[in-house]
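**Q** Single-letter residue listing:
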Amino acid sequence: MIGELVTLLVIFVLAMFVGFEVITKVPPTLHTPLMSGSNAISGITIIGALIIAGAADNQISSILGLVAVMFAMINVVGGFMVTDRMLHMFKRKPEEEKK
Amino acid sequence: MMDALAKLTYLLAAVLFILGLKRLSSPATARTGNWLASVGMAIAIITTVVFYTPVEWQYILIGAVLGSTIGLIFARAVKMTAMPEMVALLNGFGGGASALVASAEFVKYYNAGGEIPVNFGVAIMLSVVVGTLTFSGSLVAFGKLRELITGRAVTYPMQKTVNALILLGTLALVTWLVIDPANPLPFGILVGLAFLLGILAVTPIGGADMPVVISLLNSYSGIAAALTGFVINNEGLIISGALVGASGLILTNIMCKAMNRSLANVLFSAFGSEVQETGPAGAAGDRTVRSLTHEDAATMLAYARQVVFAPGYGLAVAQAQHEVRELADMLQDRGVVVKYAIHPVAGRMPGHMNVLLAEADVPYDQLFDMEQINPDFERTDVSVIIGANDVVNPAARNDKSSPLYGMPILDVDKSQHTIVLKRSMRPGFAGVENELFFHENNSMLFGDAKDSFKKLIEAVKEV
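So the protein sequences, as listed, match chains A and B. For the first sequence, position 48 (counting from the first letter as 1) is numbered 47 according to numbering that gives the first Met the number 0, and the numbering increases by one without interruption. For the second sequence, position 33 (counting from the first letter as 1) is numbered 32 according to numbering that gives the first Met the number 0, and the numbering increases by one without interruption.
Check each hint, because a few of them may be wrong.
Derived lysine-lysine pairs resembling BS3-like cross-links, with alpha carbons at most 30 Å apart [said to hold, decoys possible]:
(1) K107/B x K24/A
(2) K256/B x K78/B
(3) K6/B x K24/A
(4) K90/A x K256/B
(5) K413/B x K256/B
(6) K21/B x K90/A
(7) K90/A x K159/B
(8) K6/B x K107/B
(9) K24/A x K78/B
(10) K90/A x K460/B
(11) K90/A x K399/B
(12) K413/B x K449/B
(13) K338/B x K90/A
(14) K413/B x K399/B
(15) K159/B x K338/B
(16) K90/A x K78/B
(17) K338/B x K256/B
(18) K78/B x K399/B
(19) K256/B x K24/A
(20) K413/B x K454/B
(21) K21/B x K6/B
(22) K90/A x K454/B
(23) K21/B x K78/B
(24) K24/A x K460/B
(25) K413/B x K453/B
(26) K24/A x K90/A
(27) K338/B x K413/B
(28) K78/B x K159/B
Which stretches of chain A does chain B cover? Using the computed rule of at least three CB atoms under 8 Å from a CB of chain B, they are [stated by the list, open to error]:
(29) 12-24
(30) 30-40
(31) 52-64
(32) 69-79
(33) 82-90
Here are the computed distance ranges between Cβ atoms for each label pair [claimed, not checked]:
(34) L13/A x S400/B: 45 to 55 Å
(35) L8/A x R378/B: 49 to 59 Å
(36) A27/B x N57/A: 29 to 39 Å
(37) G334/B x L13/A: 52 to 62 Å
(38) P156/B x L8/A: 39 to 49 Å
(39) A181/B x A55/A: 36 to 46 Å
Hints listed in this document are in silico derivations from the structure and should not be mistaken for laboratory results. All C-beta atoms in this analysis are idealised placements derived from N, C-alpha and C, irrespective of residue type, glycine included.
Pulled out of the complex, with its shape left as it was, chain B reads as follows (with noise of 0.2 Å):
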């Protein structure tokens, strides 16, 4: 009877974790969402300590208050460019929590003489993997985009091989370990080989790929929360587990798409391992770039019927966009009409650049999905590129021999002007060289991003 009244308000728990996420189908119920999935948490944690009693509070208690603590810092302190990095290491954390959650429980099973039914044997070790491996592919995912470590593709020779072989490891030793649980050692190095796995396979993946690599990792959270869910035989986990999982691969997809790759391409293809370097500024080989000055850009932008600014990570990474929103709202005023185009890929995770726009309280119904601007761009008088690259690449549309050839881009080029903010002339996260700089309508406003708006908003002024 107990049982089943624990079971049911789990259920509850579940049932406010899907309301909660159908409410972020809008801005504007979206923080109630996240109230409503906040109070089911409570709910299951409430309902897990009245339900099985704990015989120690000690361990409980200095884990929850350790743990509310740092979340409680992680949350306030983090900048809203640092996002990526956040949600890298939150996932890290929940496969974490997993995985330790079922090493605890073989302890246990081994302690009590080593039998394991095959059902939980197999959740078990699936558990430990994916948990595993989350945590680990999280925490390099983190170092790159934190820049501890490189955010190059980083290859060597046989990798794949090695990479293959040691999965085929990891997957040999989940087998014995179901058929013949009692064993310390075999489970210790199925944890080490995991924990290798997760770092040898995000290692290979570049910088601008981490959305798909973010999302993969967040769908992988949410699976190893499942799995533990049948280790512990609780439906509450199978199914907020699962609501994860699918959030993650419908990202994943989404992102892939966006760079019409496949997710086998992204995952192995050590894209962006090799940039080739050209001058810092000027002509790259014989043909012509235009560069203007803030003046004249200002003149350009102040005069224009429609702006159309477009993000990429080097917003993030020059923190401009209060800047771009002090531009933006003096432009409004002067009867200029503003919009934002934001591609899918642009930033390093999905939707950072709307994070970063909300920041700077630039309104959510003037920003822009990549379909619905794209027709826009024709009616458009300038259109201003802020450290994105590859994204706007005109190649993606013509070039056949490009590596872009087919990825959908933001339709720029097609405005009257465009202006591109950049710090060198150096190639996108592809290594191509982008053919919209040497547009006879495009002029290039060198330096960083944050410096060069406030040139142009003081410029704006004089206009």
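Chain A on its own, in the form it takes in the complex (with noise of 0.2 Å):
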């Protein structure tokens, strides 16, 4: 029990280390994007979600696991979409747009 947690607890330092190397090279231009995409990443939580909703454990789970899934989908499918749009506009030459 208390070995599975310390795997765990591992796993999550080592992963903030990468998150902290990969995002120091973001720059700041691109800092709204990296949150509104980041956020979407954060809606991984639909994984859990998910296994509530469907399990059919009892109903109080069950309806808590709808909204968990209502509100992870909003999270993902808003995130990443909205970052897609931001990106979208982020462009070099003016030339390349211009209708």
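Got two chains here, each in a separate frame; can you build the complex from them with the hints?
**A** Written as structure tokens, this is what we have:
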């Protein structure tokens, strides 16, 4: 039991360091898309929500699961789509998009 | 075997997230990075449905359809100026989802007899606390940014004591519930306290400190997801949550540094709760302020060699980004070099100004960070400050008594001339008079920024 917890903790700490390394390289100009995009990634909690909502353990858990799935999907769909919308606007040359 | 396969696909999803974030290191590759990450998410969702075959589909379907629709509408409808609100709201939903999953796990254990192994107990309670306070805190942040509630720092007597007591109460309940989990009532109180804590923690923080708050809540939403990973024993969640947690922390740190303040100072000092109002226009005290006409400003700009635009929150409020770009184009056609100077905390969230200018099709290689542009101001004929205040106040460099002292600023005052577009002489968020306005080489152009730019465009045509 404790061994399991420690393993997960190791993964958590190492992943934090990977996060620090990767994110430090994101330029300030992309900080807003970074936030909305990483927000979409934190919607990964959808995994837990789907398991709970589909497990049919009891009525309360199922309903909590339903709302969790809804919240997480708002996060995932809203986050990725709005990030894509923003990134679409970042262009180098003004000529490219003049109609 | 099945379990191992599921874990491996979750790992694949996490790897795609990391690769996706890596591609955010340049605007040229960022869009494909976002695509990679969303493919990772799709893989994670499909894996879950395949390996944990749902007994009941209706809850999943209702939740997924509702959530996707709402998310889609949000993403399509939101204006670029309203992006801080959108991100605040998304933070909240992420935290909320994690808290709900953890709560559902609690209910499951309770129904099964109330025994929760300590490691899961700790994870459940912490996930509920962090998720819930992210949810309520984000709602307050959203309300402040939308100006549904006052954007000013709200303070009351004994504020810190009350908050500290609530925090202690929360921690005490967490400990109790870990030791003796079969208690639905304290669990309910725990949720309530966490909700209250989120509200009370964000209320005393003023509008211009929102970049820090949003970054921090962003981090919390990631931490909440990682804690949920501990609850359901899923490495994919832990890795992804940790990535987001790290990202939010880095942004929080950058924002704090850009204001030369510690995180504790931002969170607890209620900065910007008082603003001394001076007259709407004209001289404050006995010092004189020069203002100029749109025609004079246009002439100045049209005959300059280099012009730097320094935007702030006022640009977002006036929604003047398209007009700025139009004027910049006209100046460039006349041979003027145009650059944009972006202070890290300009606006209401990290990168807010960049997104607005990108929306107006300003090419990103004309946008310069503070460190890049500062040496360039000496070679600049005219700097145009659009609705920015504290981030260009020279007092941050010169005046040791100023609350802004030590904050890194855009050195616009080193250019030959500065033109400040502003609606009135009201001090900025920090409540400090801006020295720049009284400089000899500075002229004020009072009025709504969008309006002023329209007039400037007309006037430049005449030059």
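**Q** None of the hints should be skipped; say for each whether it holds.
**A** Results for each hint:
no.: 1; hint: K107/B x K24/A; result: violated, 42 Å
no.: 2; hint: K256/B x K78/B; result: holds, 28 Å
no.: 3; hint: K6/B x K24/A; result: holds, 29 Å
no.: 4; hint: K90/A x K256/B; result: holds, 28 Å
no.: 5; hint: K413/B x K256/B; result: holds, 23 Å
no.: 6; hint: K21/B x K90/A; result: holds, 19 Å
no.: 7; hint: K90/A x K159/B; result: violated, 46 Å
no.: 8; hint: K6/B x K107/B; result: holds, 23 Å
no.: 9; hint: K24/A x K78/B; result: holds, 27 Å
no.: 10; hint: K90/A x K460/B; result: holds, 27 Å
no.: 11; hint: K90/A x K399/B; result: violated, 41 Å
no.: 12; hint: K413/B x K449/B; result: holds, 26 Å
no.: 13; hint: K338/B x K90/A; result: holds, 15 Å
no.: 14; hint: K413/B x K399/B; result: holds, 19 Å
no.: 15; hint: K159/B x K338/B; result: violated, 44 Å
no.: 16; hint: K90/A x K78/B; result: holds, 19 Å
no.: 17; hint: K338/B x K256/B; result: holds, 24 Å
no.: 18; hint: K78/B x K399/B; result: violated, 40 Å
no.: 19; hint: K256/B x K24/A; result: holds, 17 Å
no.: 20; hint: K413/B x K454/B; result: holds, 26 Å
no.: 21; hint: K21/B x K6/B; result: holds, 23 Å
no.: 22; hint: K90/A x K454/B; result: holds, 28 Å
no.: 23; hint: K21/B x K78/B; result: holds, 27 Å
no.: 24; hint: K24/A x K460/B; result: violated, 42 Å
no.: 25; hint: K413/B x K453/B; result: holds, 27 Å
no.: 26; hint: K24/A x K90/A; result: holds, 19 Å
no.: 27; hint: K338/B x K413/B; result: holds, 15 Å
no.: 28; hint: K78/B x K159/B; result: violated, 36 Å
no.: 29; hint: 12-24; result: holds (count 11)
no.: 30; hint: 30-40; result: holds (count 11)
no.: 31; hint: 52-64; result: holds (count 12)
no.: 32; hint: 69-79; result: holds (count 11)
no.: 33; hint: 82-90; result: holds (count 9)
no.: 34; hint: L13/A x S400/B: 45 to 55 Å; result: holds, 46 Å
no.: 35; hint: L8/A x R378/B: 49 to 59 Å; result: holds, 53 Å
no.: 36; hint: A27/B x N57/A: 29 to 39 Å; result: violated, 51 Å
no.: 37; hint: G334/B x L13/A: 52 to 62 Å; result: holds, 54 Å
no.: 38; hint: P156/B x L8/A: 39 to 49 Å; result: holds, 41 Å
no.: 39; hint: A181/B x A55/A: 36 to 46 Å; result: violated, 22 Å
The structure fails hints 1, 7, 11, 15, 18, 24, 28, 36, 39 (numbered hints given earlier, in ascending order).
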